[in-house]
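Colleague: Each chain is listed here by its residues.
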Amino acid sequence: MTSFQPPADRIWWNTPVGKDEILWIGIALVWCLIMFFMMPYWHVYGKQNLSTEAYQTTPKKFLASVDAMVEKYQTGEEKGIPIVSPPAGSDVYLAARLWSWYPILELEKDKSYRLHLSSLDWQHGFSLQPVNINLQVIPGYEMVINITPDQSGDFAVVCNEFCGIGHHTMLGKIIVKE
Amino acid sequence: MAQFRVCPDSGFYFDKSAEQLMKVNAVAGVVCLLIGGIMALGVVLTRWQTIHLLPADMFYTALTAHGINALIFWIIFFEMAVLYFAASTLLRCRLAGPRWAWLGFALMIIGAVMNNIAVFSGKSSVMMTSYVPMQAQPHFYLGLILFAVGALIACFVFLGTLVIAKAEKTYEGSVPLVTFGATVAAIIAVFTIASGAIILVPTFLWSIGYINHIDAEVYRIIWWAMGHSSQQINVVAHISIWYLIIGILFGARPMSEKVSRSAFLLYIFFLQLASAHHILVDPGVGTEWKIFNTSYAMYLAVLASLIHGLTVPGAMEVAQRKKGLTKGLFEWLRKAPWDNPVFSGFFISLVVFGFIGGITGVVMGTEQINLIIHNTIYVPAHFHATVVIGTTSTFMALTYLLIPVLFRRGLFLPKLAMWQPYIFGGGMVLLVLFMLGAGTLGVSRRHWDMGFTGALLSFEYPGTAYMMMAIGAIGGVLGVIGGAAYIIVTVGSLLFGKKLEASAGILESFGVKALAPSVYNVERPETLAMAEKLPVEEHGSSGFEAPGTFILAMLLLVCFVVYYFINWDYLSSVWPMG
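If you read the sequences in order, they're chains B and D.
By this note's numbering, the letter at position 93 of the first sequence is numbered 581, and the numbering carries on one by one without gaps.
By this note's numbering, the letter at position 473 of the second sequence is numbered 524, and the numbering carries on one by one without gaps.
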């Protein structure tokens, strides 16, 4: 009965430590360091990293940027939602609001875009399916990520941050053309 | 005035007011677990798409109530009992300021009731995290604040008791390891509650109209300094209890006081950085900040957990081997008391916490890998492995010990108690594994309908995802049955369990006449002596002290490494971005 008794030695610090413990601590520490350095390594050699570009904004300002893009590049409409085909390499905007993603973006495969994300009201979650890329979308903050779709087809944007009673109806779409 | 009783079975000394406080806190915790458990049933049966039990509004109310009651109220009430036990009972010391402790308890009860009223009114279904600018009713926040203030008072009563014990020399040498661990938990709790106050007080003022704006990102960062750190209190508390349980069941002593205590100390230094785990895919946060914080500096808190992962079962192995269970690598484990729910609950917790909870936590807390996991149902899968199978199973195991020792009652339906950890643990493992799978397929957490009924556009998750959610839900139902078994055994023992002699009687406080008289006949317990010294050659002897445990630890490491790189591989397959 000693894990809940005072240690046997007054100066327990000097009690020698067993071999298995020392060996395990060494192995564990090495593994911890490997995991730590994997993150900066991936920033240099990996292709999936989140940019840190972000701006403070307001719902009004952000909606104005979205609307300007829609006006300039709208090519169609699906269920009342405009479909927008901005040129490769350009700034594309996607707004989250209760309970939709606005507008539908049409992108080209293997071309890069600067995707701007923000919310016009509450917090939302950008979950690109079935690719499975997940980002937090916050009102007042405009996040900019450089994204390069490398698959073609229709992709869904699911909202994965709880945003009230209509949360489950909040679906958006990104189309990637060959 | 005699105010201590000695438990004839365990030899623990109970201070009268500490004892009563432990009892009421434990009982309040179990009541919250009951509410949380009933809500859990509603949640899993709704997310099982074929059943889809609750309508959307009730689902979100149930999910909010489940989270707050099971994750906050049950666990923290129980932790308060653990703190009083670790200070007063283990150190044989009177409790500091019992009136303050009662005030703290009263505030916690008022806060918990107030918050539950807000949630069950259906107008505060904001989830446990209550992210702004979605707003709950003012008494939702006020309830949490009062609860936190109560818990803070209890932490200071705990620390005050340590001071008294030292001043009155109730023990020799240093405090026992278990008390040391509890102290670490209390220190982290103070930090956590302070963070909570910094964000919840303004949010409360915002909800009543005194402040007109709370920044959503600032809220997230500070809220998680409470939200994540409070989970670290649970880790530290249940690891301390693991040490207690192996001490009581096997007479185990720490393999090395230095190693175990240093590992606890690493928690104080680094655990709180984990707030960053929730901010990894948020806008406006720098890369260096994320990497440093999400890895607890350089995974130094993970290192601490890996150390305990070896030293807890290692200490048990050493104790078992000393009793002659030395055949092969694993006789010490094979011949463990698997039919004793104190042991099985503890061991299931240990294994699942390490192999599933720990590994998935580190993987999803990796800066880039979080991109494929954030807010999917993988996240609740992870923390059900840590706080449900980890913390809750441990607390349940400890309860089976406290029923005879603290409440002086025999176990009600001991056969049910024997099976309970397996039903609960087994069910929850099923839930966790399949939710991890569904999360990997992108299924969202906190989502009423993965079929998106009523949406303008459409999307279909793969059939496998539906199947995984269904199997997970079956596991969840089993878990709820296991939880119900725990409540039946616990409440049944308090009401109908055989009275053991020298009862202190919880029932009198409810006006029920006790069968045996309370016996408080000790004025001052004997000073708690230091542990017996071991012969010198047993310290750090030349061979391995715990070879079986070392093999298990290496197995954990292999699983860890393989799973870690599988996830990097998965990440490398998604759209490039930067």
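FYI, nobody ran anything at the bench for these hints, they're computed from the structure.
The reader is advised that the hints may include incorrect statements.
Claimed, not checked - Residues from chain B that face chain D, not an exhaustive set, calculated with beta carbons under 8 Å: (1) W512; (2) G514; (3) I515; (4) L521; (5) S588.
To be verified - Negatives, chain D to chain B, calculated, CB over 12 Å: (6) R150; (7) V269; (8) W389; (9) I420; (10) V494; (11) G594.
Quantities reported herein were computed from a predicted structural model and do not represent experimental measurements.
Backbone N, C-alpha and C define an ideal beta-carbon position, used for all residues, glycine too.
Colleague: What hint numbers does the structure not satisfy?
Modeller: Hints 2, 7, 9, 10, 11 contradicted; others consistent.
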